[in-house]
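4 protein chains.
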Amino acid sequence: MNTPKVVIIEGSPRRYGNSTKLAFIAEKGAKDMGCLTEIIWISDYEIKPCIGCVSDDIMACKYPCVIRDDFNKIAEKLISSDGIILSTPIYWYMVPGHVKILLDRMTSLENMLLHNGKSLLDGKVAAFIATGNDAGTSTTISYLMDVFNSYGCHIPAWALAYHHSYEDVLNNGPAVIDSYNIGINVCRLSKILKEERDPWYTFNVDFDELRKYTESEISKLKMSPLEERVARANGGK
Amino acid sequence: MNTPKVVIIEGSPRRYGNSTKLAFIAEKGAKDMGCLTEIIWISDYEIKPCIGCVSDDIMACKYPCVIRDDFNKIAEKLISSDGIILSTPIYWYMVPGHVKILLDRMTSLENMLLHNGKSLLDGKVAAFIATGNDAGTSTTISYLMDVFNSYGCHIPAWALAYHHSYEDVLNNGPAVIDSYNIGINVCRLSKILKEERDPWYTFNVDFDELRKYTESEISKLKMSPLEERVARANGGK
Amino acid sequence: MNTPKVVIIEGSPRRYGNSTKLAFIAEKGAKDMGCLTEIIWISDYEIKPCIGCVSDDIMACKYPCVIRDDFNKIAEKLISSDGIILSTPIYWYMVPGHVKILLDRMTSLENMLLHNGKSLLDGKVAAFIATGNDAGTSTTISYLMDVFNSYGCHIPAWALAYHHSYEDVLNNGPAVIDSYNIGINVCRLSKILKEERDPWYTFNVDFDELRKYTESEISKLKMSPLEERVARANGGK
Amino acid sequence: MNTPKVVIIEGSPRRYGNSTKLAFIAEKGAKDMGCLTEIIWISDYEIKPCIGCVSDDIMACKYPCVIRDDFNKIAEKLISSDGIILSTPIYWYMVPGHVKILLDRMTSLENMLLHNGKSLLDGKVAAFIATGNDAGTSTTISYLMDVFNSYGCHIPAWALAYHHSYEDVLNNGPAVIDSYNIGINVCRLSKILKEERDPWYTFNVDFDELRKYTESEISKLKMSPLEERVARANGGK
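Chains as they are written, first to last, in this note's numbering: chain A, 11 to 247; chain B, 11 to 247; chain C, 11 to 247; chain D, 11 to 247.
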């Protein structure tokens, strides 16, 4: 089996801050677990804003993206990876605008589902680190989980680490240990899934059969209408 | 290998509505993929509100929960499952209060991490269906991903299905197909992970070594201070 | 002018914790600004889960709610108030289930918009305090802003205070000062708006005229199609 | 009294789509209510990413921003406005990256609170329109409410409008009427608050007195410890 590769995307323009520190710790976890790793420093790349082709024509968006800049270079690294860890600073409770632009542009990878039947991020393993001086960690992380899962990525157990303070994150034990676990788990699940090549999304569904099946199951429930539900609520437990 | 079991939690007090329909479709996907299934109808159980023991003493919260009601019965089913699919209606952009109470009480399962080194939900595979008449699907699903991942659950690729309309969801092709994929993927990943018994969270981390490693890596970056970053922003690319 | 009244809803079953402390501080701000105040301790009331009548028939939900319990008592206090401050603990990044049940049941107040042309919460001034031992403050507060604004409430400037730590919030200067400002601002805006009795939502809109107006404005823009937008993106700035 | 001015920020690079249509409708509402209006087309401006000065030194961030681009031109318009309506498309359940960059850069306006005791957005009235082909409306709107309130803006009643469909929003009655109400309400509240010049945030707080007051109030509650709360939960209501 060839060794899985984990890419760590570092979202901060500052490379001495807390998100960078936790990115290194997650990378260490992935290396200790036996994966290859590479850090992508977003601020080294020019990535222009998405222009929303998909809203003009859903099939207009595909990889490679029509915009000429550095996005496709990052995309190549993501496509050839098995796992992705995004470590981001928090600006106003959320990823910074330049990180959001990367997420927007990654539509061109996901939308290949419609062109080829498989997202170019399908089946990859993703996890998230968010650090800020103040609130916003769960807003950011829940958001990233939703987006990467919508790209077709798996999210392994305990795939989150965060820090919400001006203080040095290296003094925050749980954040450090969680980040190390992120590296471990992204690598561990990437190894387990390495040989799973079939797409994780299927269009091969008998829609009419599913409708009939469901209507039949619902009818068996013989559920009471609203009036009985009100009576039940008022009649005690 | 024994057959994995997928539990579907249905959150609606109405059992003829859209969340119930998609719950059946996800169940069908899991059965077609070869898993055992069981639907838990939350509204059949009395579950009292969490009283926040963990804020008095973080070790006070453990399984079984001290509150005497039906929670521990549901918990037994969750503990013995390999996969969990939560299908919930949306009330004000979020899970209803009675579903949130179940999530609150599940703290007693997760907190066993501190007692025994392993969350009682560690390594299970979880996915989510949210239906409402109006907005709130992504708010609900991103939230549920964050919570179940924090319990220690894996989230497989394409683990979300939703519907935001008064209309019958059985006329919403993508929602039906997504729900079927949820059933397939929760079962598929549950099978792959069936023999993975080691906890997915480790406390076995050399904290001091990680700090030193990280400080060393950061120092190698020789990153420019703020002044140079401003100059770079203003000097073009 | 009669004195505005500010109701503070305290969501914690524990009345010695951080959300209670900040509730008192916000109350003090409102009193110092010249408002009447009352604290509602949610855990003193029995509030059963919402049974979703509105999904069976949108006109079935109205005030008073058909479920017999203590909800209508709290509702009376809310209806007669000018300002509402909700102080809540955070359970899994969000309001606890029993607080969410109150929000769900308040649908019966908001839905009077459809019965009488005015939400029973229309024009009230609302603000939010969220405290927890860990993450979730912005998830909780952004959520509450969306819900209360959807009830028809105004949200005054600086209407948020939070704390994400096990430590005593009385040592967290910004959280204390923010909470005091919440009291001040809810009272200040309540006074300013005291004589504004017209509903803040109007159905008196000429829909067809608005459509024509908008189509005319859009046509004047003579916007370029997708191809030109791609060219512009690639032509540099 | 001079006439209040409402600025509408349009976030889409496409100017024939749904967010633009609702922007025009909101503008019409504001004009009909008697306000001056101006639409700002974000995509006409070059706005570079925020470089996070505030994380190096909280006092380093101030208005005007040190980055040389078009941001300060937009900022001037915002500063001289009384109301702000942001109409944005939804990319992956959230504002697009280029809109987020504007929000990030607006830190320089808010942070004047620390320099001069008043945010440059203090007391302005803000509301939000979000349109997309799919999910994400409540995620986007709740987020924007939290951010603009954190800048120091008021959010008037019914300050949200949204659309989650590929179809022409001019066929979506509620979205059109809600958008018109947004224009009405931003203008109405802007007029009411026109002469309110005192900052809406005060640092003039006796912190020690508040602590003593709160500790005294808490002690009067004589709240039961955890054991009694458990007994109460188990003893029925």
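No lab work stands behind these hints, which were simulated from the structure alone.
It should be emphasised that the depicted structure is a prediction, and the values quoted were computed from it without experimental measurement.
There could be a bad hint or two in this list.
[As the list claims (entries may be wrong)] Computed Cβ-Cβ distance ranges for the label pairs, DEER-style:
#, chain 1, residue 1, chain 2, residue 2, range
1, C, Lys204, A, Asp67, 31 to 39 Å
2, D, Tyr176, A, Ser226, 54 to 62 Å
3, B, Arg78, A, Asp67, 33 to 41 Å
[As the list claims (entries may be wrong)] Just some of the chain C residues that point at chain D, by a computed CB distance under 8 Å:
#, residue
4, Lys83
5, Lys87
6, Cys163
7, Tyr176
8, Tyr190
Note that beta-carbon positions come from the ideal geometry of N, C-alpha and C, so glycine has one too.
Hint-by-hint comparison with the structure:
1. C:Lys204 - A:Asp67: 31 to 39 Å: Violated, since C:Lys204 and A:Asp67 (Cβ atoms, about 53 Å apart) do not stay within the stated range.
2. D:Tyr176 - A:Ser226: 54 to 62 Å: Distance hint for D:Tyr176, A:Ser226 is violated at roughly 32 Å.
3. B:Arg78 - A:Asp67: 33 to 41 Å: violated, 59 Å
4. Lys83: violated, 14 Å
5. Lys87: violated, 19 Å
6. Cys163: Nearest chain D Cβ about 6 Å off; hint holds.
7. Tyr176: violated, 15 Å
8. Tyr190: holds, 5 Å
Taken one by one, the earlier hints fail for this structure at numbers 1, 2, 3, 4, 5 and 7, listed in ascending order.
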